[in-house]
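> As they're listed, the protein sequences go chains A and Z. At position 7 of the first sequence the residue is numbered 7 (the working numbering), and the sequence of numbers has no breaks. At position 93 of the second sequence the residue is numbered 93 (the working numbering), and the sequence of numbers has no breaks.
None of these hints come from the bench; they were simulated from the model. Take the hints with a grain of salt, since some may be wrong.
List time: in silico SDA-like cross-link candidates among lysine to any residue, alpha-carbon distance up to 20 Å [as the list claims (entries may be wrong)]: (1) K110(A) <-> S78(Z); (2) K43(A) <-> D41(Z); (3) K34(Z) <-> L122(A); (4) K128(A) <-> F33(Z); (5) K150(Z) <-> S38(A); (6) K34(Z) <-> F37(A); (7) K43(A) <-> W156(Z); (8) K130(A) <-> G75(Z); (9) K130(A) <-> D80(Z); (10) K130(A) <-> P39(Z); (11) K110(A) <-> K150(Z); (12) K34(Z) <-> V119(A); (13) K45(Z) <-> G111(A); (14) K110(A) <-> T32(Z).
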Amino acid sequence: MSTATRYTPVAVVLHWLLALAIIGTFGVGFYMADLPFSLTRLKLYNWHKWAGVTILTLSALRLLWRLTHRPPADAPMPAWQARLAHGVHLLLYIAFFAVPLTGWAMSSAKGFPIVWFGVLPLPDFVPKDKELGELLASVHAWLAYGLAALVLAHIAGALKHQFVDRDGLIARMSLRRP
Amino acid sequence: MTKLLSALLLAAALAPAHAATLQADKSDLAFTFKQMGVPVDGKFKKFDAQLDFDAKKPEAGKIAFTVDLGSVSLGDPSFDHELAGSPWFDTKRNGKATFVSTGIKPTGPGKYDVAGKLTIKGAVRDVVVPITLANGVAQGSVPIKRLDFKIGDGEWADTSVVANDVTVKFKLSFAGL
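Chain A with its partners taken away, still in its complex shape (with noise of 0.2 Å):
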């Protein structure tokens, strides 16, 4: 199999549209949890709730291309750093899929079903229950807060890769041609 040093195409716009997808809806997560109730409040809430949904969807897009597209191999590196790196990964894709899951199932829960982008009702998988809700409240929360030191985690590899190690990594997530 032939080695490749880039990402494909897919992966690549993958990577970016989840980057944004992801930090914006954190950070309306992060403010509307504190608003009092509003308009504004309940717009957020719902566009939040259709967000994380998207995520899901093109997070679970993105796994099966993972799964059937091999990415680039390693640029050199030390084994811890590569062991790092990819464990990063993997927690980065367990909370691609753990956040917007207890995201919905709280939403559930709390006795708000959800309904994609106000047109499509998703069903529930977890009974209404108040105990329930406000316990995947925090569980969300945390997620989210693991969620983001994982990002941080992940932007300071690259960054020490681009200015530390001058290696140029962050290329194979680029789609313009070397």
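Add chain Z to chain A, keeping to what the hints say.
Chain Z alone, transformed into the frame defined by chain A:
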């Protein structure tokens, strides 16, 4: 004797011979609406009804219905607090909603159209409520437009967030019907 008898007959004729009392513990008043496509259910915990009805003479029947707006609940204390506020039910100034029938029309066996005046937050609208009546239980639902009654005023008048259509559903159990 004749006088007494006629007085009694007169009293019987004037008294609501078929007055029924509401059994609150066996009755429900609920509503459902959509916020950004999501169905939301709520209910009123306190309401009362005076019914005077004879199935043999339904047209002569009367119903007066009163809802304690402060008893509204979406099942979440923070929402309920908001619903009591002035953009919504404004319960400090509008404690009660009322429905007073103006006419009852049979539409089928055990089925009636009850026309009447619905008053909420000072606004009065004519509505026709289709009901089914069986074993002392009146059930039905009626669609209303919340903005007809300024329920959800100001920024909340935006029906793209909270739909204008609200379906009110009821099950009223009466004793002595």
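> Against each hint, give a clear statement of whether it holds in the structure.
Against the structure, the hints come out as follows:
For the suggested pair K110(A) and S78(Z), the alpha carbons sit about 13 Å apart, so the restraint of at most 20 Å is met. The straight-line distance between the Cα atoms of K43(A) and D41(Z) is roughly 18 Å, inside the 20 Å bound, and the hint therefore holds. For a cut-off of 20 Å, the pair hint linking K34(Z) to L122(A) stands: about 15 Å separates their Cα positions. Proximity of K128(A) to F33(Z) is assessed by CA-CA distance (about 18 Å); at most 20 Å being required, the pair is judged to hold.
The straight-line distance between the Cα atoms of K150(Z) and S38(A) is roughly 17 Å, inside the 20 Å bound, and the hint therefore holds. Our distance criterion of 20 Å between C-alpha atoms is met by K34(Z) and F37(A), whose separation comes to about 17 Å. Of the pairs offered as hints, the one joining K43(A) and W156(Z) holds, with about 11 Å between alpha carbons and a cut-off of 20 Å not exceeded. Among the hinted pairs, K130(A) with G75(Z) is consistent with the structure: their alpha-carbon atoms are about 9 Å apart, no more than 20 Å.
A threshold of 20 Å between alpha carbons decides the hint, and for K130(A) with D80(Z) the separation of about 15 Å falls inside it, so the pair holds. At roughly 18 Å between alpha-carbon atoms, K130(A) and P39(Z) fall within 20 Å of each other, so this suggested pair holds. Under the criterion of a C-alpha separation no larger than 20 Å, the hint pairing K110(A) with K150(Z) is inconsistent with the structure, at around 27 Å. A threshold of 20 Å between alpha carbons decides the hint, and for K34(Z) with V119(A) the separation of about 11 Å falls inside it, so the pair holds.
Under the criterion of a C-alpha separation no larger than 20 Å, the hint pairing K45(Z) with G111(A) is consistent with the structure, at around 19 Å. Of the pairs offered as hints, the one joining K110(A) and T32(Z) holds, with about 16 Å between alpha carbons and a cut-off of 20 Å not exceeded.
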